[in-house]
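J.: Each chain, written out:
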Amino acid sequence: MSTAQHIEPQGPRPHGWFEWERFVVYAFLILTSLYFLLPLYIVLITSTKNLEEIAQGNLFVPSLHPTFAPWYRAWFEICTGLECKGIHPNFMNSVIITVPSVIVSIAVAITTGYALNNWPFRFSEGFFTILIIGSFVPYQVMLFPMVLLTKNMGIYSTLYAVIFVHTVFGLPILTLLFRNYFASLPVELFKAARVDGAGFWRILFQVFLPMSVPMLTVAVILQVTGIWNDFLFGVVFAGLQNYPMTVKLNNIFTSTMGVKEYNVEMAATMLTGAVPLLIYFLSGRYFVRGIAAGAVKG
Amino acid sequence: MCFILAAGVWNAPYRNFSSKLASVPMMFIAMFAFIGCSLWTIAFSFSDAQSFPIFRNFVGLYNYRVKLFADSVWWTACINAVIYLVLVTTIEFILGFLIAVFMDQKVRAEGVFRTIYLYPFALSFIVTGHVWAWIMSPEYGLEKSVRNMGWTSFTFDWITDPNRSIYAVVIAGIWQGTGLVMALMLAGLRGVDEEVWKAARVDGIPKWRTYLQIVLPMMRPVMITTFVIVASGCVRVYDIVVALTDGGPGTSSKVPAQYVYQYLFQGGLARGLAASTMMLLASAVILIPWIYVEFVKGKQTR
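Protein sequence lines correspond, in order, to chains Z and W. So in numbering that gives the first Met the number 0 the end of the first sequence lands on 297, straight run, no missing numbers. So in numbering that gives the first Met the number 0 the end of the second sequence lands on 301, straight run, no missing numbers.
Since the hints were derived computationally from the structure, they do not count as laboratory data. On a predicted model such as this, the values are computed, not experimentally measured, just so you know. Glycine residues also receive a C-beta, built at the ideal position from the N, C-alpha and C atoms. Be aware that one or more of the hints could be misleading.
Stated by the list, open to error - Under 10 Å between C-beta atoms, here's a sample of chain W residues computed to sit facing chain Z:
1) K19
2) P24
3) M26
4) V65
5) F112
6) F124
7) S136
8) G140
9) S144
10) Y166
11) I213
12) V234
13) S251
14) P255
15) A274
16) V292
Assemble the whole structure, with the sequences as input and the hints as a guide.
T.: Structure representation (structure tokens):
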């Protein structure tokens, strides 16, 4: 029994309910998260105040009589210049831009990623390297030639141009995403399909596509938020009538006609941020996976 | 492997034909959109094009020397970009790493904290800019609220102060981007081998020293990637400035991307192209060491 005395104690050291280290950790985390949460809180309470309450200037105090009238005005009535239709037509524009851009860019990227990974040919990696490096180059460098290109294609100042540009600039990162994902799948799958006589497209549609649902989710989240949040391409390529929500929001703030309705402006801001926020809160870990890859694009 | 399977069945140009066909969009985009458009911009920055892109005369470095470098607004924009880059990367790295380390202490409700730190990243820069413009507005925002609480001499008017407006942009930028740095660093921390921790504990090295002297150097690849992502984002910073200060007051918080936009679409095309070539150069300075490490050196050691 003497050996029992030599056994080292195992497991975590027992401790009381209060520990300084834990306290510091949580205090730090809570304090920093306040910095991140505060703006959301302020915007939410500002958008439900009336103008008199705003004029008093108590940023942190919620309204005594919260109202959703500013949200209604932002959606249906707020003016930019002479047009007073609110932000809802631009919500539709954003939807019309986002849906086809997402579908086309992902369809192209999934095929390219599969071709690169499973059917490499001479220079295929070279093209891909150009694509990845190009995705770090500031958009401003390629902006004007792209304008000329879309003008020559006859689609400048239409929604098609925006969709085209988003597809082009979305391709690098999405291709990278799918190429790496396909590389992580067991190669025997591909070999077996080849032995069974399936060709390029058949393997893509019957083997790889059904298996890429998790990556598809990541790609959709990445693209929807990315395209929804875009400002530059919207303002350059869409044309006055087709402005997406972000461009319209900015115009609401810069148009100087009449009284400034800060509560309505904040409601419009929340409405513009609502779609990506909703996707973010619903998708959780998929979003985190997506941004790690898509951060390049930001 | 597929080369072997296809060999002998197809002649070389037709080998992998479907794959080549499927890669046409990629080749087109790589060659025309990325290389072609960049070369076009560089070439036309040496022309005297004003509002129409016709290459009439080669004017050498005229657009750079006489137009761009002689313009004080351009230098303001460049200095602002440098201030933004230095402050945003430094603060985001320190804050992001600290939060990641604290998150790594097996905290409860880690998911909740992560959600809070990252949600700004889901928002558009335009949204972020206007939200912070509201908070920092001297008339209605933080300044007035604090004064109402009794501290009547409190001033926080950075967005209307020409000497400080770029720092207002920095605050909003950090708010949006720190979550991303935190997420990447946390992933890096989780990637550190558990054995390293055990060894450090056996040697009796305190936790903070393990983080600083062992784990941090081990995370160099993550750091480099994060730096490239954050820094190349800073070079092209645009939307957030447009929304927050629109380059003002005056031109005090203008950034290069705004300068480029202004000249590309409001006359003085060649000057705009020259400015965007300078932006390309700036991102090349950040990218080339990374490309070297990632693609050239990495291949050699493999």
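J.: If a hint holds in the structure, say so; if it doesn't, say that too.
T.: Here is what the structure says about each hint:
1. Hint status for K19(W) relative to chain Z: holds, with the closest Cβ pair at about 6 Å, below 10 Å.
2. With its C-beta approaching chain Z no nearer than about 5 Å, P24(W) sits inside the 10 Å limit, and its interface hint holds.
3. A cut of 10 Å between beta carbons decides the hint on M26(W): the least distance to chain Z is about 5 Å, and the hint holds.
4. Evaluation of the V65(W) hint against chain Z yields a violated restraint, the C-beta minimum of about 21 Å exceeding 10 Å.
5. Interface hint status for F112(W): upheld, as the beta-carbon distance to the closest one in chain Z is roughly 5 Å, under 10 Å.
6. Against a cut-off of 10 Å between C-beta atoms, the interface hint on F124(W) holds, since the closest Cβ of chain Z lies about 7 Å away.
7. Here the hint on S136(W) is kept, as its CB sits about 9 Å from the closest CB of chain Z, short of 10 Å.
8. Proximity of G140(W) to chain Z holds as hinted, the smallest CB-CB distance being about 6 Å (cut-off 10 Å).
9. Nearest Cβ of chain Z to the Cβ of S144(W): about 4 Å, under the 10 Å cut. The hint holds.
10. Taking 10 Å as the C-beta contact cut-off toward chain Z, the hint placing Y166(W) at the interface is violated, the least distance being around 16 Å.
11. The beta carbon of I213(W) comes no nearer than 19 Å to any beta carbon in chain Z, farther than 10 Å, and the hint placing it at the interface is violated.
12. A distance limit of 10 Å between C-beta atoms decides the matter here; for V234(W) the minimum to chain Z is near 6 Å, and the interface restraint holds.
13. The beta carbon of S251(W) is not positioned within 10 Å of any beta carbon in chain Z (closest approach about 18 Å), and the interface hint is therefore violated.
14. Of the supplied interface hints, the one on P255(W) holds, with its beta-carbon coming within about 8 Å of a beta-carbon of chain Z, less than 10 Å.
15. The restraint placing A274(W) at the interface with chain Z holds, with a minimum CB-CB distance near 8 Å, inside the 10 Å limit.
16. Hint status for V292(W): violated, given a least beta-carbon distance of 13 Å to chain Z, over 10 Å.
Hint compliance for this structure: hints 4, 10, 11, 13 and 16 are broken, all remaining hints hold.
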